[in-house]
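Enquirer: Please take these sequences and the hints and turn them into a complete structure.
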Amino acid sequence: MTSELDIFVGNTTLIDEDVYRLWLDGYSVSDAVALRVRSGILEQTGATAAVLQSDTMDHYRTFHMLERLLHAPPKLLHQLIFQIPPSRQALLIERYYAFDEAFVREVLGKKLSKGTKKDLDDISTKTGITLKSCRRQFDNFKRVFKVVEEMRGSLVDNIQQHFLLSDRLARDYAAIVFFANNRFETGKKKLQYLSFGDFAYCAELMIQNWTLGAVDSQVDDMDVDLDKEFLQDLKELKMLVADKDLLDLHKSLVCTALRGKLGVFSEMEANFKNLSRGLVNVAAKLTHNKDVRDLFVDLVEKFVEPCRSDHWPLSDVRLFLNQYSASVHSLDGFRGGSLSVGPPS
Amino acid sequence: MPGKLKVKIVAGRHLPVMDRASDLTDAFVEVKFGNTTFKTDVYLKSLNPQWNSEWFKFEVDDEDLQDEPLQITVLDHDTYSANDAIGKVYIDIDPLLYSEAATVISGWFPIYDTIHGIRGEINVVVKVDLFNDLNRFRQSSCGVKFFCTTSIPKCYRAVIIHGFVEELVVNEDPEYQWIDRIRTPRASNEARQRLISLMSGELQRKIGLKVLEMRGNAVVGYLQCFDLEGESGLVVRAIGTACTLDKLSSPAALLPACNSPSKEMKEIPFNEDPNPNTHSSGPSTPLKNQTYSFSPSKSYSRQSSSSDTDLSLTPKTGMGSGSAGKEGGPFKALLRQQTQSALEQREFPFFTLTAFPPGFLVHVGGVVSARSVKLLDRIHNPDEPETRDAWWAEIRQEIKSHAKALGCHAVVGYSESTSICEEVCILSASGTAAVLNPRFLQDGTVEGCLEQRLEENLPAGCGFCHIPYDELNMPFPAHLTYCYNCRKQKVPDVLFTTIDLPIDATVIGKGCLIQARLCRLKKKAQAEANATAISNLLPFMEYEVHTQLMNKLKLKGMNALFGLRIQITVGENMLMGLASATGVYLAALPTPGGIQIAGKTPNDGSYEQHISHMQKKINDTIAKNKELYEINPPDTSEEIIGSPIPEPRQRSRLLRSQSESSDEVTELDLSHGKKDAFVLEIDDTDAMEDVHSLLTDVPPPSGFYSCNTEIMPGINNWTSEIQMFTSVRVIRLSSLNLTNQALNKNFNDLCENLLKSLYFKLRSMIPCCLCHVNFTVSLPEDELIQVTVTAVAITFDKNQALQTTKTHVEKSLQRASTDNEELLQFPLELCSDSLSSHPFPPAKEHLESASSNSGIPAAQRAVTVEKASPMGEGNFRNRATPPCASSTVGVVKMTPLSFIPGAKITKYLGIINMFFIRETTSLREEGGVSGFLHAFIAEVFAMVRAHVAALGGNAVVSYIMKQCVFMENPNKNQAQCLINVSGDAVVFVRESELEVVSTQQPTANCQPSCTGGEVTT
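Sequence order for the protein chains is S and Y. Per the working numbering, the very first residue in the first sequence carries number 1; after that it's consecutive. Per the working numbering, the very first residue in the second sequence carries number 10001; after that it's consecutive.
One or more of the hints may lead you astray.
[Unchecked claim] Derived pair list, reagent style DSS-like, types lysine-lysine, alpha-carbon separation capped at 27 Å:
#, chain 1, residue 1, chain 2, residue 2
1, Y, LYS10008, S, LYS146
2, Y, LYS10045, S, LYS142
3, Y, LYS10008, S, LYS75
Just so you know, the hints here were simulated from the structure itself, not pulled from any lab data. Since this is a predicted model, take the numbers as computed values, not measurements.
Expert: The structure is reproduced here in structure tokens:
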């Protein structure tokens, strides 16, 4: 006796959160059944393995049918085929677009192209995330990217409107899109200690301060591209290190302000010129695309690592950077410039 | 007189890409009614076209309005080649034809294609202007209301229940016409869908005419079925109960009163007072002679006389249709005469209702059923469906005579069904013989002598159990005792019925679903030989099924079955029998005896041991079940009364008659002889299997209950969460081990596993009850068994459920009385129509829809158009409840029950009766058979919901999937499925919201807004 056909269709579509998770994680039906058996569900419910198998198959089929709609979440809201309560719809969408930290770190800043997609095999092996799940996450990134890439207005708002994600997840996607668009290098060994959250934080600040949208929110409101003019202007910062007097003046201003407030004051004083040179050089180079990509690598090499070798506490770094940029304003010829903020280490 | 049908095509959305080059579609719409077609402009390059068409107007006869569906086709314009069809929408405009239901159909409909499924949605507005019909000789029956619900619909009351109406129409099946060889599958499917739609429209119109002739204004318990007879044609037949209904005007509903054309025909029924007080002694003469020493243990009875007469029927008619055809003429004439006057209609005093107004049902005799095997031949003249008519007339006569034999003048809970395999067809009819209170019937003179049995001063809840037949002249050997409730009348020891448990019945404990399952192998044969073989098998099947039911009932410690439905399905090489019913313990009936097992070779020691082991197991199971279903009948009453009743038997006894004896079978004494023991004799492996299968039925996991009736006896505290579902399973039998036992086991496992799966899937709803569990078995191919289950899971409040049985009963009584308050008031309320005839204020919804519109993009706003239509206040209210403003699709509940827990139905919008065909030539790509059918059923649900929403409703009640015919050809990568569903579209209001609605009414009234503007945007 073999089951040729076995289906269950509810007027309200049944969504089992646990099975949904297994499906999203890319497990095959048989793996999912095995995992469910291990969770002790059979003992709890008195069901048989066959029942579990049938149930899992059924849910997988439903999810498979829903997947097409999940690719454009507003469709899920307006479609008539599956009657799903709004709270469940939100859950379906949110979970579908959720991603693994390990995975996102692998592809963050990479071009979301076919080439990268081919590397998913390796990423899957490396992270232990199933290839299926990797593909879904990658396709999600790519889909969101494609939709909002050319769009005007706030990046986060656009994502939220077109994918109905929660605020938090929309912000994460904004960071992913921003990184992918600017192709920031994040995969170098030196950067491995940084989490996705760290990068997302940087992305948010950069979107706020460095993009076209940041300069003028009315016209050409583009959150994804860096403001070329702004980058050009950064070149002028070179004066800060090229002009000896200015450098000394800057240093003395910073040192005066921070004396007694910094635990690592002497180290700072000794290293000021190196640090300042490092930061300014990174900023000045940003007119070249390649250097933009290496922004984080450079920042870590030129600024974070020297600080770390001197065991600067995080609060001191923050104080220093704030003072460093604030002091610039009181220098001649630097009124109302912008500032760069290094990643939290 | 004609009517004017107006249609407006507003917009489309989510259309499929038809032009690969541009990834867009140039869509336009054809609107067709009858032979008239209109077209919209082509809306270029869009997947979300906004046609915003003018009003297309069709001037048509109301006869056509009833028969024809409105056909909307969405096409992709192509300059160089033929336009490609995207899909179609069929809209049944019948609900617009009676004034109380919907006034406008407006909303998003899924665009359906028989090959691709749903492809986007289209927004349509439909209106009908009907002119007054003054033609006495009209062919149309506009204004007659149809209900699938098998009880008096909740917001109506029955003035008169007229009785049985039936009709059938036949036609050639387009799938089998010669032209089918040259046309595309799509064209063939669409021809079929259209034909069936036409036929059911015609059928409904014809039934309506009969109702008007009977001076009724509604059909309740309307059941329409299709027989796909293959080569020999397509039969659409329907039965129902004609009634004169009056709209109840409840303050919460505030709906327009019944303005149906037939209003003037309504008459106040002559109320014949049954005058029970003069007969306070109740029992009629035979009982008086009865001594209390009457020994009940002498015999054992089954309250169904069905099969004994089956047998006499089956061989007679089983030999092919030739003879039946000849007999057809006189039968036909008889039938026609009967329909001429309502009085003669009583020739078939049948009622498709399963639940009744209080006091309607006086006594219940037992189940009556009849089956007949026929050979199908081609229907030569579709206009004269005499043969089929005659077949059914024959069966109905049979049923009627069974009922007579049981001393009953009526049959309630009546239904008809067929099972077709190739050219053989089994026709079945069954119902419950009953004695009814004549005051609800028109003439009120039905066998007047029965009135004296009307004992209204007796405690409620046992009257219907009292035997209607003459005790000294019993139709079958029965075993009677005095009623355990009133002690005055005789009751049988077991009661089988096809109806729902009467609301006032006193039940102890809870009920449960009981199923008997059976397979019988049959040799493959042709034509008459095949029919004979089937006829010969049928009585054995009936016998076995009844034995199984009886055993299982006893095993559960219960004494009555409700909602009994026995389905016999015929296949190429086997017959399947599936009986489902809800077992209960009726307080009025005696405690059921146990089951005793006897071996035939008592000398063998180990064998004895085995037997006693089995016996212990059975006894344990009975004890466990009693605990599980909370069956603890009070024994105090016996002592009080001084025990006129003999001691409850510990065991009733039965000798299981061996089926080899053909003599026995011809009488088919289902009372199992007159032995005084209910003994299962284990004399062969066969019997062993039976006992085993008895014990393998696993009870549902704790927190779950199941029944196939409307409500679960013993549970009243329903909460509002409901989940209707359909589950389909097909298994392939391995052809090697096809023995009856193996087959039985496979089938049993299939059903049990299916139930287990349901319990598992719905575990998050615990505590809950599966209600109206409806199993359908079909044998699509040689080695395939298909089981389709539709049911609804309803949650209930566990805490309240823990109350004692006593309060249960009281509660159910209370509930019953509140539910039917309106019904009881009827003699006083006859002139209340005038009260509620003021127009329904439409303003309130606009207020709300306007508020919910704010912030919704234009594309979504169109959805709220339907909500803005001036109907169904409750519906909108309910839709507005989900807080998520972004969701634009209103929730439509579906349930096979006639009510929605925790809510009040305020309006019936009309009948939903839909037929769909889906076919695929890329089965694998669509996820195999499971993927294909899963998607299709989901689509059917979606289309039903969309139609209900467009009518302004928010639920379908009495929903039923009447047919789900699935055929596959994996080798060709093809599959086809036909689904037929029906139900009543309604508007309901949550009980908790009722007050809110009424308080908001005044504010809504003083804020009139423009309806037309909203609708046309």
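Enquirer: Can you give the numbers of the hints that this structure goes against, from lowest to highest?
Expert: 1
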